[in-house]
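Asks: These are the residues of each chain, in order.
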Amino acid sequence: MATIHVDGKQYEVDGADNLLQACLSLGLDVPYFCWHPALGSVGACRQCAVKQYSDENDTRGRLVMSCMTPATDNSWISIDDEEAKAFRASVIEWLMINHPHDCPVCEEGGHCHLQDMTVMTGHNQRRYRFSKRTHVNQDLGPFIAHEMNRCIACYRCVRYYKDYAGGTDLGVFGAHDEVYFGRVEDGVLESEFSGNLTEVCPTGVFTDKTHSERYNRKWDMQFAPSICHGCSAGCNISPGERYGEIRRIENRFNGSVNHYFLCDRGRFGYGYVNRKDRPQRPLLQRSRLSMGIDAALDQAAGLLNRQRILGIGSPRASLESNFALRELVGAEDFYSGMAREELANVNAIRELIQHGPLPTASIRDIENHDAVFVLGEDLTQTAARIALALRQSARGKATEIAEAAGIQSWHQAAVQNIAQGALNPVFIASVDSTRLDDIAAEAVRAAPADLARLGFAVAHAIDPSAPAVDGLEADARELAGRIAEALLAARRPLLVSGASLGSRSLIDAAANIAQALKNRGKDASISMVVPEANSMGLSIMLADEPGDRSVEAALDAVVEGRYDALVILENDLYRRADSQLVDAALAAAKVVIVVDHQQTPTADKAHLLLPASSFAEGDGTLVSLEGRAQRFFQVFEPGYYNPDVLIREGWRWLHALRHTLLGKPVDWTSLDQVTAACAAVHPRLAGITEAAPDASFRIKGQKLARAPHRYSGRTAMRANISVHEPRQPQDPDSPFAFSMEGYSGAGQDRQQIPFAWSPGWNSPQAWNKFQDEVGGHLRAGDPGVRLLDGARMDVDWAQPPAAFAPAAGTWQVVPLYHLFGSEENSARAEPIQQRMPQPYVALAEAEAQRLGVTDGAMLALSLGDRQLQLPARISSELPLGVIGLPVGLPGIPPLTAASVATGIKEATR
Amino acid sequence: MSNLIKTDRFVLSDAERAAIEEEMHHYEDPRAASIEALKIVQQARGWVPDGAADAIGEILGIPASDVEGVATFYSQIFRQPVGRHIIRVCDSMTCFIGGHESVLDGIRTTLGIEPGQTTADNRFTLLPVCCLGNCDKAPALMIDDDTFGNVTADSVAALLEDYP
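Chains B and A supply the protein sequences, listed in that same order.
With UniProt numbering applied, the first sequence covers 1 to 909.
With UniProt numbering applied, the second sequence covers 1 to 164.
Keep in mind the hints are simulated off the structure, nothing from the lab.
Just so we're clear, the structure is a prediction, and the values are computed from it rather than from any experiment.
Cβ atoms here follow ideal geometry from the backbone N, Cα and C, with glycine treated the same way.
Fair warning: there could be bad hints in the mix.
What the hints assert, rightly or not - Cβ-Cβ distance ranges computed for the label pairs, FRET-style:
#1 B:Glu178 to A:Tyr163: 22 to 32 angstroms
#2 B:Ser862 to A:Tyr74: 57 to 67 angstroms
#3 A:Tyr74 to B:Gln867: 53 to 63 angstroms
#4 A:Val11 to B:Glu478: 33 to 43 angstroms
#5 B:Ser876 to A:Gln80: 36 to 46 angstroms
With these hints in hand, go ahead and build the complete structure from the sequences.
Replies: Below, the structure written as structure tokens:
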């Protein structure tokens with residue numbers, strides 16, 4: 001700690017900080033541009049100047065850049081000093097010389113850091129009367145709009161894109177007042193994290209193109225604290241709504257998970273919420289008869305009455321909706337909605353992270369590890385935010401080198417200079433090349449079984465009491481030795497694996513490595529990727545249920561005639577199981593009721609389709625891959641804009657249906673009741689009631705506002721329907737109001753923050769005001785509760801599998817994931833569709849040569865009894881004996897670890 | 001510049017490639033050879049076409065955006081075709097006082113081009129430059145690698161004669 005004196009007042013601050021961090025952490029406003037909590041200081045913009053005095057008797061002082069000056073003990077500074085103020089006003093005046101007067105048409109306006117800082121410094125008169133320099137803008141693809149005239153040359157974008165996120169195709173060109181930030185030539189920004197540029201850029205150079213066509217100001221949107229449903233990482237988001245559409249997704253700061261950054265799937269994949277073809281009213285499919293809620297419940301009850309009902313839940317639905325389905329059909333007849341192998345693997349992962357030898361690192365904490373082994377996951381495609389965190393683990397080496405030389409970690413340019421690109425060791429073992437290979441100390445490709453064998457060998461090399469791998473090639477053994485050595489040499493090693501390849505032996509290998517690291521007394525962590533947003537939650541919910549709860553088991557039971565009726569919650573079974581089995585089960589069931597928010601192929605076959613809410617219209621709880629239960633809250637009430645829309649949360653439909661069947665009035669009228677009931681029935685989920693404050697939470701007696709206080713146009717919003725403005729929708733489920741009325745500031749501590757705003761701070765930099773220290777954690781604690789930090793126990797050693805040896809004429813099919821396309825819902829969003837690859841079959845170069853085919857040639861192959869025709873994509877890294885198919889793309893059937901292809905040949909045209 | 005043919009496709013010559021690879025080994029970090037690589041290309045071609053960034057980046061193992069950043073930063077790396085000879089007229093303080101404007105006038109009269117332009121016969125490109133370190137002989141100019149001092153509007157025409 002250090003004592004500093006700011007404008008005559010004494011404060012205790014962290015002496016390791018710089019003065020800017022220290023002042024911002026104290027809540028004092030110092031304007032800045034180039035500094036960013038996640039990017040450190042470079043002293044480029046000169047905006048954060050303050051006056052520093054040598055001691056209490058010094059009256060003259062000197063101007064210093066607060067971001068480049070350590071907050072040493074007994075520092076005396078002044079922010080309010082007239083000379084410092086005049087200097088800052090001049091700096092912003094220079095920065096504004098070429099900045100256009102286009103705020104009214106600029107999409108950054110209203111959440112613009114440059115606007116905020118201009119107001120803060122008091123620069124309110126333009127004296128510059130001459131021509132401004134102008135630039136040609138670039139087409140950067142479907143996500144990001146480019147308007148270089150607005151640039152103030154703070155360099156944040158390249159520092160984020162290149163240094164932080166590892167991108168290569170955004171650069172800075174030119175010199176003096178003609179500096180240009182962009183690509184060498186027009187084209188799609190390649191980084192999977194390009195969307196963060198819209199928040200990193202302090203002005204409107206990079207803006208959200210998906211928001212552009214139907215644009216509105218930040219202050220005119222309703223927000224809610226939400227959780228991304230795009231993968232299992234559990235990033236916190238703030239979706240913004242206007243006129244019943246999600247218009248934009250902003251990052252929501254959670255200091256233990258995503259902090260300032262999201263991936264592009266999470267930020268730009270919301271379009272499925274706004275699709276016009278979504279189910280909006282209960283629909284009897286055969287007669288195409290839509291109906292009201294009561295009629296639908298009567299219909300459903302009539303269909304289900306005295307029937308033997310089987311319920312299929314979903315790993316993309318909330319705990320509450322899954323629980324309501326379980327209540328409707330009974331615990332014995334509730335199935336997970338996950339494929340057999342996937343469910344077994346997720347269960348194994350749950351057991352490993354709950355009771356295994358090592359704790360699970362939060363995504364933020366991943367950045368603090370100094371040696372990483374990634375076993376079998378293509379993280380950029382399966383849990384992208386973790387990939388971004390791993391880049392920071394690797395870059396941690398630079399901070400370490402700098403600290404050894406007495407350079408503060410925030411001194412970013414110096415840190416990078418002294419490190420000369422040195423990285424902490426990251427080892428990647430995967431089936432094909434990955435987008436993290438550029439930071440890998442070593443990257444190796446192999447078939448899943450051989451990857452697992454490598455993992456087992458690493459465990460054995462760490463702790464010789466772990467079983468050895470028989471018949472391992474010398475090069476694999478040596479690599480395992482090097483990986484083990486690096487993990488053992490590290491202060492905090494990290495192991496990342498997961499269920500994406502569907503291989504149980506990979507999870508077993510991860511368990512062995514974890515045990516070996518524990519046996520060697522390492523302060524190590526583990527992180528295991530599971531397939532979907534709530535895979536882990538569903539696994540916990542079913543943990544104590546006997547029997548096979550997989551989709552296959554459910555469908556078999558229906559086909560065998562053990563059930564009459566099928567109730568399917570937010571699940572497209574054709575993505576889970578063989579289509580023939582799904583067809584047979586849907587045909588065998590006398591009644592099929594689907595509750596979903598998308599018109600899926602499964603929903604097409606329902607007798608009755610009930611319109612469920614997406615994350616935007618409903619509340620619920622998800623459990624992320626680290627076992628963090630997090631609540632997402634309803635952003636808007638669609639019925640307010642159009643009373644014909646009868647979208648309700650899955651749990652509301654299913655509970656009402658149950659009580660209609662029982663002839664009782666509903667018990668659960670609010671989210672808290674269903675969450676509490678779920679927690680009561682499932683002791684393993686007891687913590688979920690603590691995941692967020694309940695609906696009675698108030699600050700100073702007020703609900704929390706979903707909309708900024710400047711929200712405009714509400715009176716006219718429904719004027720096309722009626723000029724009489726109805727009462728705002730009431731929200732019994734949460735402490736938030738569908739209104740700008742209510743608490744929206746940063747003064748009072750709170751975890752659940754719909755949008756970041758504080759007086760004078762309209763940009764995402766307003767998160768400063770909610771944090772214990774800038775860039776740290778929320779003052780009220782980071783949202784969510786971890787459910788899986790159980791008693792740590794040793795695991796029994798697992799045995800390695802046999803080496804991969806495909807039968808002659810067969811190829812093992814491995815799943816290849818795509819950030820844009822492999823996830824069901826985001827793949828329905830138009831901007832994501834522009835980035836999706838065409839379906840393909842990937843094969844090794846040598847295989848292609850043997851078949852005599854070139855890249856793009858049409859191949860025919862058999863997958864079980866299915867015939868596929870796909871263009872070849874030749875990979876220089878894919879191992880022999882396997883082919884890769886892109887998960888979830890049109891025409892690609894569900895894959896299992898046992899999927900085998902035969903008869904690959906060039907298709908005859 | 002209509003007689004200059006621009007092509008989209010850029011391929012380094014074997015000589016350029018060899019020179020860049022040679023230069024690269026002088027440094028611990030190949031990135032440090034960026035400027036030299038650009039100079040090698042400019043030496044061979046008179047200027048650095050857009051495609052060079054990719055080609056150089058590939059050899060040095062750095063992104064094209066980094067090479068392009070260096071290439072656009074330095075004013076003496078030419079990104080457009082230039083004439084056979086470059087005239088750099090100093091416009092810094094001393095030469096300005098010493099009469100650099102009359103030197104420019106002399107060139108204008110003789111060649112009919114303004115700073116930044118190239119003669120129609122592609123013989124000369126005229127560029128301003130800030131200080132040639134020749135202040136004691138202001139006004140100064142350079143033609144290719146030759147520096148001249150105490151230049152006058154009259155003498156400049158004669159100087160140009162030596163550069164066919």
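Asks: For each hint, tell me whether it holds in the structure or not.
Replies: Against the structure, the hints:
1. B:Glu178 to A:Tyr163: 22 to 32 angstroms: holds, 30 angstroms
2. B:Ser862 to A:Tyr74: 57 to 67 angstroms: holds, 59 angstroms
3. A:Tyr74 to B:Gln867: 53 to 63 angstroms: The hint (53 to 63 angstroms, Cβ to Cβ) holds, given that Tyr74 (chain A) and Gln867 (chain B) are roughly 59 angstroms apart.
4. A:Val11 to B:Glu478: 33 to 43 angstroms: holds, 40 angstroms
5. B:Ser876 to A:Gln80: 36 to 46 angstroms: holds, 38 angstroms
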